Amino acid sequence: MLLNLHSHNLMKTLLATVICWTVALLIFFPIFWMVLTSFKTEIAAISMPPQFIFEPTLDNYRRIFERTNYTRYAWNSVVVSVGSSILGMIIAVPAAYAMAFYPSPRTKGTLLWMLSTKMLPPVGVLIPIYLLFRDLSLLDTRLGLTMIFMLMNLPIMVWMIYTYFREIPPEILEASRMDGANTREEILKVVVPMSKGGLAASFLLALILSWNEAFWSLNLTASRAATLTAFIASYSNPEGLFWARLSAASTLAVAPILIFGWLSMKQLVRGLTFGAVK
Amino acid sequence: MATHNYNRSMARWLLMPAVLLLIVWMAVPLSMTIYYSVLDFNLLMPGMRDFVGFENYVFFFTDPSFIAGLRNTLVLVGSVLIITIGLGTLIAVLIDQPFYGRNIVRILVIAPFFIMPTVNALVWKNLMFHPVNGFLSFVYRVFGATPVDWFSQYPMLAIIIIVSWQWLPFAILILMTALQSMDQQQVEAARLEGAGPVAVFRHIAIPHLQRPLVVVLMIQTIFLLTIFAEIYTTTGGGPGTQTTNLAYLIFHQALLQFDVGMASAGGIVAVILANIVAIFLIRVVGKTLAEH
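First to last, the sequence lines map onto chains A and B.
Residue 31 in the UniProt record's numbering sits at position 31 of the first sequence, and the numbers go up by one each step.
Residue 130 in the UniProt record's numbering sits at position 130 of the second sequence, and the numbers go up by one each step.
For the record, the hints were derived by calculation from the structure and aren't laboratory data.
Owing to the predicted nature of the structure, the values given are computational and were not obtained by experimental measurement.
Backbone N, C-alpha and C define an ideal beta-carbon position, used for all residues, glycine too.
Computed list of lysine-lysine pairs in PhoX-like fashion (alpha-carbon distance at most 25 Å, straight line):
no., chain 1, residue 1, chain 2, residue 2
1, B, K287, A, K266
2, A, K196, A, K278
3, A, K278, A, K108
4, B, K287, A, K278
5, A, K108, A, K118
6, A, K118, B, K287
7, A, K118, A, K266
8, B, K287, A, K108
9, A, K278, A, K266
10, A, K266, A, K196
11, A, K118, A, K278
Computed footprint of chain B on chain A, listed as stretches where at least three residues anywhere in the stretch have a Cβ under 8 Å from a Cβ of chain B:
no., stretch
12, 126-135
13, 261-271
If we strip away everything but chain B, and leave its shape as in the complex, we get (with noise of 0.2 Å):
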């Protein structure tokens, strides 16, 4: 009993480093955002920060370019979701079944997850969007259409087409896995029954995916809420505010304006959107937890 109550000790003194650093990551700065939230303070303007109430919140929610990116931010996420989602158990499903060079396959169509953002957005504005020389305008020309300026015509559509590509590959990967772990007498037994694929994806594949397809549709909102790289080195938010999302209007508030009053607010706007969605995700990955 001695030693047990010892070793618990220990247990604790084992936690504790990883404990108290993410306490000191997450609630120091955190509390510094809400406190400068209610301050009027500007780089530009040393020593003056005076308390100001909730005047940047209601400047914030007033400004016509919050009000955009607001709507950005739920443009890109809702369509980048939409897309990897539905292609991603397409194409999870496509790669799960027999054929030739399944693993090299498997390789290609994840690749893209693990490339950085900033080449990934560079690639695709030059060597693949460019209205002149890149590849997509040389495949309007064969097929005989006008090649589209995406920067200045679609921007946003191009953001969402970029950042698609990136994340489509997260969920086929972990689609994939879960298929794999799919009970393959099962269906079997439903085959033998005289199912036909589409029995067979309805009523085993789709029950068995929903956990992961809840998954990735979390993380993945976790993330695109706060897309940022592939908005810094492509459009630089425009043109004018179109393709500005929460996280580029706070960096452009904050490290460009200097006004650190208004940035801060901008950013608690950012952290209660992000919890909205943790607190269903936290549910989810909690019930796991208790399966174990």
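The following block holds chain A by itself, in its conformation from the complex (with noise of 0.2 Å):
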């Protein structure tokens, strides 16, 4: 497209060009800033004016590794989001075939309270599922996270694999059916191949959600079960406030979900206007 422009057009894509790459490395910044301070030592994070070029180092990360329970906070996000988005695909897949491929009267209005329930302001429930996890000793365990999590994202992830469904052609289904195939064949062997790419999508978006989730993380562990969030969050004390490594710990964090967060981009507009924005 670009091959067969017209100087004044040419001149407009690099107007355009400039103008673009100067809003997006603006919005970048404070990621990039935080990146290449995570190389720097202590003294060069602070140093004023500001060191573009330095010698980096690894030391932050080492000491990261070295000195702080990073690993198990990592490894308490990896187990609590995974574990919350593959709990929740198993109870959103049957649930979004049975609206898709079995529509009753009522299923439009079961879709927009599952909707209504993420409306909910988690600070409207915090003081009694506090009490219930306390009492039901949740407080604090991996279990009792993985559970909120499944939950703060059950409707997001119904409403976003339904939408995949709805787009399989549902003569395929009868086909299939006249070969004999039963509910769980059906499901397994010809929907959910189908969907594939949508699937994956939803799976995503749970996991980037949970990974991200500060408020019930912040409120319902302490030591034990607390995710990278919540490890992130105790930088917050300004006495012991080193920006090196606090920009070391934070671009571990984020890298993964920002990878994944890339990949399938397109896919998660969906599931994050239920369906609304295609």
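Got two chains here, separate frames each, mind docking them using the hints?
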């Protein structure tokens, strides 16, 4: 498309290129700066004027692995977010299947009601959940947090998967039923393979939302089950603040999710808007 | 016909777990919150759970920190909405046109949305906003201005910037996707008729973006009403109550002052506020569903 442009259009494209790149670099700058700072010494990290060129060091990363329980927090994050996303898929796929292929007069109402549970502000149920967790000894456990995350993301997952299932032509299911497939085979051998991409995107969205979740992980965990969000929050103590170390810990904590997010950017829109934008 | 009925009841069984779990998740804690909100219930005084009617609500509404919390919530939500939707529309339209490196620019612009809130807050608080060593204080000096101590001089503005930075990509992402599904032939036809970029934007893009804009507005409102981690990790609601929003106020009353009754009353107020927005959002999404 760019090969065949008049010089007027070329100027326009060049101008757009300059403006768009400026905007993008401004927005991205804090992340760039965080990553850069993570490779500085503590002294270079707070130097004024800021240093763009310096001798990079891996000391901060080494120190995080040696002197903090980083691996434990990271493991908690992995267990809780992967666990809750898998559990969510197991519950959401059959529900979405039932509503997409066997719609009843109540289906629309059910879907909207599920959406409405997502609107409930977490502070509204913080106290009972906290007290229930205390009485059931679920406070500061990975199991408790996994359950909360699964429930928190369930409506979004059902919705997102539902919109993908709706795109499968019902005739294909008819055909597989003619061949004598039962419901379980139909889901696992026809529906799931046909919406692999959509299911992967739904799983990733749940994973991203759980990984970044901060309200419940700050309020329901202390040390044993604390996730990376809570670990990073412990750097808010003004006395013990080391910028280079904070940056290294932060870079490690956001890197995997940033990559997942970039990979599934387009498909996530559907889940984030409950199918209203595709 | 027999297999058809069999499949229907099967479908019901498949749907059941999700529905039951969500009922339990929503109904049980919410009714407990309502129940606690009419009790004189403090965790520091075990055994005392007297019924006090609406006293907690009266206390909550007459507490000056509630007024501050409500005001701060509205200021935060309103400002972030204006910033993210205004800039978001502009940037989405900007990066929708052809230019070099479009894919990389999109990736860079979306990135902040995937950063966890605590990282976001601490990176801004220290690396960017710090009055002595922060990057912005350097920018100020370059232009010959005096650096600003954001969190003591303009604490609320600082929070607004942090939260807007996180949510701007959300608006861009949704609007960008919506723009891609815009009818390009219609745009070409309008251009051939002599319509300038402003006319195309006003008469084709804006009507096309109407629904996505409404969706962005409402989903953001729901999330912004309960912003918590950004305040928890930066200002702790202070100085004074300058950055205390409803979510933080309720957290403070429940888990720091152990006043369950009062915090529950606040929780119910927050639920009602969110519901007002939710009703509209559900109506819009319901319309989408009907179009299927």
